Amino acid sequence: MALVVALLGSLGSIFGAGRTLQGSLIANALSLALMAVTSYHPFRYSVALGSAVCSLGMVQVNALLQAVGKHDKLFQARLNAEYRLLASLAAVISPTLTTAVILRLIPEGYWAVFLLTAAISLLACALLDKRFLSADPDAPASQSGTLAATRTPQTPTLTLRTLVQPYVDIFSVSSARSALLHVFLISMPSHVVGTFLSSRYRQVGMDPTFQGYCISFAAAASIVSIMQSRHLLEYFTPRQMYALLGGINGLAIIALGCVDSHWLLGALNAVSFCVSKASTIALSVWLSQAVDPRLLPAMFAVEKFLGCFLRYLVSVLLGIAASHMDLALIFVINGVIGLSVWFLEIWLMRDSVDHPKTIQPSKSKTA
Numbered sequence: 024m025a026l027v028v029a030l031l032g033s034l035g036s037i038f039g040a041g042r043t044l045q046g047s048l049i050a051n052a053l054s055l056a057l058m059a060v061t062s063y064h065p066f067r068y069s070v071a072l073g074s075a076v077c078s079l080g081m082v083q084v085n086a087l088l089q090a091v092g093k094h095d096k097l098f099q100a101r102l103n104a105e106y107r108l109l110a111s112l113a114a115v116i117s118p119t120l121t122t123a124v125i126l127r128l129i130p131e132g133y134w135a136v137f138l139l140t141a142a143i144s145l146l147a148c149a150l151l152d153k154r155f156l157s158a159d160p161d162a163p164a165s166q167s168g169t170l171a172a173t174r175t176p177q178t179p180t181l182t183l184r185t186l187v188q189p190y191v192d193i194f195s196v197s198s199a200r201s202a203l204l205h206v207f208l209i210s211m212p213s214h215v216v217g218t219f220l221s222s223r224y225r226q227v228g229m230d231p232t233f234q235g236y237c238i239s240f241a242a243a244a245s246i247v248s249i250m251q252s253r254h255l256l257e258y259f260t261p262r263q264m265y266a267l268l269g270g271i272n273g274l275a276i277i278a279l280g281c282v283d284s285h286w287l288l289g290a291l292n293a294v295s296f297c298v299s300k301a302s303t304i305a306l307s308v309w310l311s312q313a314v315d316p317r318l319l320p321a322m323f324a325v326e327k328f329l330g331c332f333l334r335y336l337v338s339v340l341l342g343i344a345a346s347h348m349d350l351a352l353i354f355v356i357n358g359v360i361g362l363s364v365w366f367l368e369i370w371l372m373r374d375s376v377d378h379p380k381t382i383q384p385s386k387s388k389t390a
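If you count the sequence shown from 1, you need to add 23 to reach our numbering.
One thing to keep in mind: the hints can contain errors.
As the list claims (entries may be wrong) - Here are the in silico distance ranges between beta carbons for each label pair:
1) 240 - 125: 23 to 33 Å
2) 60 - 114: 24 to 34 Å
3) 181 - 130: 43 to 53 Å
4) 65 - 182: 24 to 34 Å
5) 247 - 191: 21 to 31 Å
6) 71 - 348: 45 to 55 Å
7) 124 - 185: 38 to 48 Å
8) 151 - 363: 20 to 30 Å
9) 367 - 134: 49 to 59 Å
10) 287 - 183: 47 to 57 Å
11) 207 - 111: 23 to 33 Å
12) 150 - 65: 27 to 37 Å
Because the hints were derived from the structure by calculation, they are not lab data. Owing to the predicted nature of the structure, the values given are computational and were not obtained by experimental measurement. We put the CB at the ideal spot given by N, CA and C, even for glycine.
Taking the hints into account, I'd like the entire structure generated from these sequences.
Here it is, written out as structure tokens:
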């Protein structure tokens, strides 16, 4: 899935994020329709297709949000917070709504639910704001409709070169390379929580029911943290905010490896979860400032691919380490790594300027 997003994420930079989002909604509706009518083996491929196009669509939505708020950092942060809030609520409400309400109203079963969801996806495609179908989301609706009016004299041709070119443009920008590298380093320790938290709960003898309560509490607390964390951008740059939250997460991870109390583990899990959710706002704003708005879809596709690759790498390495050392020690080591990266970021930012002013060319002296 991550590889598909990485390969096709640049479509948003070629044809526009809105048009690519529209195409992903249509492809998602097709995959849902296939889920409703196919047998087991085609069903699995349909699920994989649906997951890939949904991830591709989310990349385009993220790019559109950053482009709409590109002129105001605080407004951009507010858009990100509201988007993350809606996504969190949907993740909680949708399964319950489907199993407890929709399936009872539709006695035909899951195939009818798949068709209903496909119809909703097509409706979302039809209701997509026409301004998002242009290269410039801020353009008025009367100017929307073709990319030719906003960016190029003719519609681009899809070739391997045009598909790869946005990624070449991204990695040719030093600020983009630097941002991706720092994001990679800062987010690395946090993956240990998602990989081994359940094992840590079992290690201290926590009851599965209590684990569920802890996870529910963390999810509820994250909603508050998402809405309030955007105010941090009034006092910090996105890079400073992301590094600060990474340091707090490092402390929480160290504590997760040191305490044995069920209540403290649940509280620390909530802190780590809230910090991770809040840091996504700073991450989106930071990456959006590193490249031209046209390259945002490809930029977020690269970030998503690197995140999935990092989670896989951390899972493999920690799985090997878990067979040779105590699980609590793994948490402590990763927390120390998180704090070390935080101090490294502070040291690197001591003389840096995140938003340098444009240097005006000096006027030549006249005789």
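Exercise. At the C-beta level, are residue 60 and residue 114 separated by a distance inside 24 to 34 Å?
Worked result: holds (27 Å)
Q. Does 27 to 37 Å hold as the CB distance between residue 150 and residue 65, or does it fail?
A. holds (30 Å)
Could you see if the CB distance from residue 181 to residue 130 stays within 43 to 53 Å?
This hint holds: roughly 44 Å between Cβ atoms.
### Outcome of range test on Cβ distance (residue 240, residue 125; 23 to 33 Å)
holds (27 Å)
| request: Using the beta carbons of residue 367 and residue 134, state whether their distance is inside 49 to 59 Å or not. | output: Roughly 53 Å apart at Cβ, these two residues keep to the hinted range, so it holds.
Indicate whether the distance between the beta carbons of residue 65 and residue 182 respects the range 24 to 34 Å.
holds (30 Å)
Outcome for the supplied range 45 to 55 Å, where the beta carbon pair is residue 71 and residue 348:
violated (35 Å)
Practice problem: Note whether the CB distance of residue 207 and residue 111 lies within 23 to 33 Å or breaks it. | Solution: holds (24 Å)
| request: May I ask you to test the hint 38 to 48 Å on the CB atoms belonging to residue 124 and residue 185? | output: Between residue 124 and residue 185, where Cβ atoms are some 45 Å apart, the hint holds.
Using the Cβ atoms, figure out if residue 247 sits within 21 to 31 Å of residue 191. violated (41 Å)
Query raised in the report: Is the hinted range of 47 to 57 Å satisfied by the C-beta distance from residue 287 to residue 183?
Result: Check passed, 53 Å falls within 47 to 57 Å.
Worksheet entry | C-beta pair residue 151, residue 363: status relative to the range 20 to 30 Å that was hinted | With a Cβ separation near 44 Å, residue 151 and residue 363 fall outside 20 to 30 Å, so the hint is violated.
Going through the hint list in order, the structure does not satisfy hints 5, 6 and 8.
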